[in-house]
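Required output: the full structure, derived from the provided sequences and hints.
Note that the protein sequences, when read in sequence, are chains A and B.
Quick note on numbering: our numbering labels position 513 of the first sequence as 513, and the sequence is numbered without any gaps.
Quick note on numbering: our numbering labels position 65 of the second sequence as 65, and the sequence is numbered without any gaps.
Honestly, the hints are just simulated from the structure, not real lab data.
Keep in mind that a hint or two might mislead.
[Stated by the list, open to error] Per label pair, the in silico range of CB-to-CB distance:
no. : chain 1 : residue 1 : chain 2 : residue 2 : range
1   : A       : Lys71     : B       : Ile173    : 42 to 50 Å
2   : B       : Glu58     : A       : Asp462    : 54 to 62 Å
3   : B       : Lys124    : A       : Asp174    : 54 to 62 Å
4   : A       : Lys195    : B       : Thr98     : 21 to 29 Å
5   : A       : Ser396    : B       : Thr98     : 46 to 54 Å
[As the list claims (entries may be wrong)] Beyond 12 Å from chain A on every Cβ pair, some chain B residues (computed):
no. : residue
6   : Glu40
7   : Val42
8   : Gly91
9   : His93
10  : Ala99
11  : Gly106
12  : Leu108
13  : Arg115
14  : Pro135
15  : Tyr175
None of these values were measured; they are calculated from a predicted model.
Just so it is clear, CB atoms sit at the ideal spot from N, CA and C, and this is done for glycine as well.
What follows is each chain in one-letter form.
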Amino acid sequence: MKNESDVFDAIVIGSGISGGWAAKELCEQGLKTLVLERGRQVEHNKDYPTANMHPWEFKYRGGMSRDFNEKNPLITRAAGFGADTAHFFVEDKDHPYVQEKPFDWIRGYQVGGRSIIWGRACQRWSEYEFKAPNKYGYGIEWPIGYNDIAPWYSHVEKFIGVCGNEDGIEAMPDGEFLPPFGFNCVEQHMQDKMKEHFPDRHLVHARWAHLTEPKEIHLEQGRGKCQARNLCMRGCPFGGYFSSVSTTLPWAKKTGNLTLRPFSVVHSIIYDEKTGKASGVKVIDTNTKEEIIFKARIIFLNASALNSNLILLNSRSDRFPHGLGNDNGLLGKYICFHIYRGSADGRMEGFDNKYFFGRNPSEPILANFRNLKELEMDFKGGYTTFCGAYRNRKGSVDANSAQLGADFKHALSEPGDWYIYMYMQGETIPKKENRVYLSKDQTDQWGIPLLVTDVDYDENDDKMVADFIEQAEDMLEKIGCTEILSRDNKQPPGLDIHEMGGVRMGKNPNDSLLNEWNQMHLCKNVFVTDGACMTSTGNQSPSILYMALTARAATYAAEEFKKGTL
Amino acid sequence: MDRRQALKLTSVALGGSVIGAELFLAGCKGNTTESVLFSEEVIALLDEVGETILPETEGSPGAKSANIGLFMKDMVTDCYSVKEQPIFMKGIHTLNNTAIDQFSSGFLELSPEERLGLLLEFDKEAQSRDDDETPHFFTMMKQLTILGYFTSEPGATQALRYNPTPGKFIGCIPYKKGDKAWA
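Below, the structure written as structure tokens:
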């Protein structure tokens, strides 16, 4: 085993949406920072091979071959996966895991991680979401509240650029917004009808990480205005949306304090009994298979929620035989996620003389209206609804029209009907039985134990899905839709790509792993600030909260480092 | 993931799925690749089938200009399941043999009007079938022609309006009947 002679001030494990933020903040504070990424290098623009490709340049016009699909039943189910983005997802065979119960674990192993292919929704949590789990008895108390994180939301929003409208609604506090994408004509109608029929349900403009009107800071980052192409997940040549690759990592690099090492799988964090702290990490170079130890005084774990669990579970020592900091045995437990099972849509008449220009890369949001101020339903938790209206090229013609030939072609060259859709993003209850653990006998190609997922839906989830479907049908009807269809697709957990928990924050070391600064209770120089830290799931898209928590924790860590306490 | 969900809903809303399209999303149950042979003659025939479905009209070329025969070959060979492939291949022979039965010459020798008449019969037959398990070969040819043409360079840029870099989004503008859809 090789011992790297360079000693870094900080190591960040993972270069995705939260790792990029840790790197930015630590480097800006003057700390020599090593970012370890298990996948390949991806540089802004240089490594976006499909970014400017036309539809006809894809052999199967967006799909993959039968051969690829047969070999990749998991990854081809992922949101955003296609011929234009396939290179930003792992192939199934390369990264096995064990499913005790069906769980779709969607991964993107490269510099930038899944921040290249994320959904970009950026709503803030409300105080209600922080308080609800403990108040209604379905979780422990968060060690922080909205007021602790609000300034950090602002800090992140200003830097990454989030568009949105200030709506003043309680379920979803306003942020530091760039101008929103406008509604299309039918979406405006939806908002009007919602106000009329459901005064307590707020349908508002998308709050999305796009530069609708870049500010000085964004231009300084080398990014420009969103061009409304809606080809984001290929990587944006304009830097129109936020990713680690376009924004935080280059920013960190400019400080001169960043060392980025791709092809570096982290095996474990090394615990030093003499100091009671972590001394570094053990890495396996994926090209040479060489084991290397890197040392640092601060470690940020941002490997993505389940991989951060895996690394901690695999960081075994005489002091911590069940994983780093795991005296209470709760590491890997209380895994949670978001429910995306329910959706509904319908046809909207009366807008044939309306159209739009450009492709909106965002979606209107219907803020949570369930169990907000009190527990009023027969289930716990709330749901946010994403929705919108679209008008595609006509897909078919009616029976009396020409079915082939010139008139048929003309008909198909025009826009078809307007449709409205809604789908849910629901909170789940953190439960001890939903857990991940290490396989006792199976390892990956680097000799690291495979992760076993034992995660499932419960009755609360089923009740929430049923309520969403009932409400969505009712709202679509009141909006004026016909041909309303709804469905519970029963997709396995994980396909939401919002996996969370396992290393949760809390006030008490007896029932949590991390304190209010995302610092391990029992190993103070290790910080976990990705989805693994989540005490509960709330119902908002989580990425921006990970970024805010990371910036807050990294600033704290740098201050403590300078005081000499870490 | 948000947009993807919308796309899935779109395909549902448009009624029925594109054959083979479920493979893009869910993977295919088939497990062997059957060698599918497309001769030059077959590709020429498929070009004319496509051209009959979506012909050249004022302002835009037809499906043949989009090399629709080659596109069908690629899709059937690389993306169709082993169950779907023979339906398509047999369909080519059914189509040509029917032409010979009715007109005493192969499909390629027919006039545009004769081709249209023949394909309308198959289209009627295909549309009256409601068995999702075994799609009609003409449903396959028609779907592939529509998919391939409107995503091709001539189809997207001339039959539709293609704007790769809109620069901005304007939510609500007037539409008048006859304006082309965005590609």
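Evaluated hints:
| no. | hint | verdict |
| --- | --- | --- |
| 1 | A:Lys71 x B:Ile173: 42 to 50 Å | 44 Å, holds |
| 2 | B:Glu58 x A:Asp462: 54 to 62 Å | 56 Å, holds |
| 3 | B:Lys124 x A:Asp174: 54 to 62 Å | 58 Å, holds |
| 4 | A:Lys195 x B:Thr98: 21 to 29 Å | 59 Å, violated |
| 5 | A:Ser396 x B:Thr98: 46 to 54 Å | 25 Å, violated |
| 6 | Glu40 | 20 Å, holds |
| 7 | Val42 | 19 Å, holds |
| 8 | Gly91 | 16 Å, holds |
| 9 | His93 | 20 Å, holds |
| 10 | Ala99 | 16 Å, holds |
| 11 | Gly106 | 19 Å, holds |
| 12 | Leu108 | 17 Å, holds |
| 13 | Arg115 | 10 Å, violated |
| 14 | Pro135 | 15 Å, holds |
| 15 | Tyr175 | 4 Å, violated |
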